[in-house]
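Participant: Sequence:
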Amino acid sequence: MAKVTVNAGNASDSSSNGIADLRERAEGFRTIANRQFDFNQEILAHLESTINRLEYINTIQIPEMEARYTAKILELQVDLKDQINSRHHWKSMSKKLEDEVATLRGKVGANLETSRFVSVLIDADADIYYFADEFISQGHKGGQAAADKLMEKIREYLLSLGPSFKNAKSIPIVVKAYANLTGLGYHFKKENKVYNPQEVTQFWAGFSQRHPFIDFVDVGSGKEAADNKIRENFKLNIDTPQCEQIFLACAHDGGYVPVLSPYAGQASGSKQRITLISTGPGTVHPLIAELGFNTTEILTPLFSQSESLRVESWRKSELVVAQSDDAVSPVISKAATKKSESPAPLNWATKAQLQLPTSPKATPAVSSTAVVRSKATCTSPSKTTASTVPYNPLEWDFTGERFVENAGRLIPKAKDTAGNRLRDNNLIVDKIADYDLIGKMKNLSICQWHYLRSDCSNHRKEKCKRNHDTYRRPLTAKEYDALWYLSRMGPCKKLEKDGYCNDDYCIYGHDN
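Sequential numbering of the sequence shown, starting at 7, is according to my numbering.
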C-alpha cells in the first residue's frame, strides 16, 4: 500500500511540469504571432504608401512632364524650321554674294590693268639733272622737246625689259620734276646759259604742258624742299601695286640711302621696280650704288654734263679703286680666294683708304701701303703722332655734306677682311697729361660731327643746338683727338645693334 502512494505522488509532479512547459511554449507561440501580426501591419502600411505614391505619379507628375516635354518639343520643332529656313536664306545670299564678288573681281582686275602706270621723279635742282643747254635755251619749245625726248627714252627702256613688262608702248608715264624755279632761273642766267631767267620759266611751262601726266613743281627755296617731295612720292608709289616701275633721278644724294635701303635686300618685287637714273660715270652716289638697284644712263642725252666737284671726286675715286683692284688681285691670300673668286667689294668709306694724298689739295694717288685688305686678316694699329694725322682723301660725306679736311684721321687702321672696324685708332692725347685740353674742348660745346667729320646738316635745320662756327676749323691734331676722345665716350649704336661697324668715318666709341 505504501508503494502505491509513492508512485501517485511522482505522477502528480510529472504532470505539473508538463503543463508548465506547454504554457511556456504556448506563450512563445503567442509572442511570435504578435510579432508576425505587427510585421504584417507594417508591410500593409508600406504597401499602401507605395500604392498612393504610384497613384500620384500616374495621375499628376507624368501628365505634367508629358505636357512640359511636349511643349519643348514643339518649341524645338519651330526653331528647327526657322533654322532650316534661315540656312536656305543665307545659302542663297552666299551664292548671290559670290556672284557679286566674282563680278567685282573681274572689274577690279580690269581697272588694275588699265590703271597701271610708271613713275619718274626728278630732282631738277641737282646740277647733274640740269637739262641740256640745247633745251633750256629754246624756252617753251625746248621744254616740249625735252618732254618728248624724256617720254621716248623711258618707253625705250620699258621695251628693253621684254614681254614680261606689259603694254610698254601704251602704259601711262607720270613725270614729276621738282626744283626752285627762281633759283634755277638766276643760276642759268649767272652761268650765261640764258639771257633772261624768264626763259627757264618758259622751258618748264612747255615741259609741263606737253603731256597730261608731266608736271613741274616749283618747291621754292629750302635745301630739303625738293628732297621731301621726292621721298614722299616715292613712298606713295612703292606702296601702290599699280605702279609698275619707278625711275629716280636723285641718285646723286646720299640722303636717300635710308629711304632706299629697306628695298635693297629684296631679290624681286619692290627692288626690281626701282631704277636709278645716271647721267654718266660718278653721278650715282657710291653708297646708293652699293644698294644694287638697276641703273640706266638712257636719259643722259637730256641732261648737261655736270661740272660738279663731288661728281669729279667720285669719278676719281672709281678710277683709283679700279686701279687698286688690279694691283691687289695678285696678292689675295689663298684663304680669301677659297671664300670668293674675287676680292670682297669695298664700301665707299673703304675706298677712301686707297686714296692717300700727300697734301690736302693733292690729287689722290694709290699708296703701296694701302693695298693690304686681302693680304692678312687685319692691319695693326700704330702709334700716331701729330705730324702723321692724315687729311681726308674724299670731299663728300654720304649725307651730301663736305668732309672736314682732316676727317681721314677717323679711318681705322685695324679692320677685318670684311672691312669692319676691329678697334679704334690710338689717340695722340692722354686723358691725364692733356686733362686741361680735353676740358677746354668740352667747354667749347662745339658739334662733334661738324668738327670731326663733315658739315652738320642738322645745324641748318636748327635741330642741332651745339656751336658750329664759334671755333676755327679744322682743329689742330691734338684738339682733334681731344674732341674725338670726348666723342668716343658715346658707344657706336650700329656696333651695339648689329655687332659690327663698317663706317670708316664713325666718330663714336668701339672699345668701351
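If you're looking for bench data, these hints aren't it; they were derived computationally from the structure. Among the hints, erroneous ones may be present.
In silico BS3-like pairs for lysine-lysine, Cα to Cα no more than 27 Å straight-line [said to hold, decoys possible]: (1) Lys195 to Lys182; (2) Lys87 to Lys175; (3) Lys175 to Lys147; (4) Lys101 to Lys87; (5) Lys503 to Lys484; (6) Lys419 to Lys484; (7) Lys499 to Lys484; (8) Lys101 to Lys182; (9) Lys175 to Lys195.
As the structure is a computational prediction, the values presented were derived from the model and not from experiment.
Participant: Are the hints correct? Go through all of them and say.
Facilitator: Against the structure, the hints:
1. Lys195 to Lys182: holds (24 Å)
2. Lys87 to Lys175: violated (62 Å)
3. Lys175 to Lys147: holds (24 Å)
4. Lys101 to Lys87: Since the Cα atoms of Lys101 and Lys87 sit roughly 21 Å apart, the hinted pair holds (cutoff 27 Å).
5. Lys503 to Lys484: Given that 27 Å is the threshold and the Cα spacing comes to 31 Å, the pair is violated.
6. Lys419 to Lys484: With Cα atoms ~19 Å apart, Lys419 and Lys484 stay inside 27 Å; holds.
7. Lys499 to Lys484: holds (26 Å)
8. Lys101 to Lys182: violated (46 Å)
9. Lys175 to Lys195: Roughly 38 Å between the alpha carbons, so the hint for Lys175 and Lys195 is violated.
The structure fails to meet hints 2, 5, 8 and 9 from the earlier list, while all remaining hints are met.
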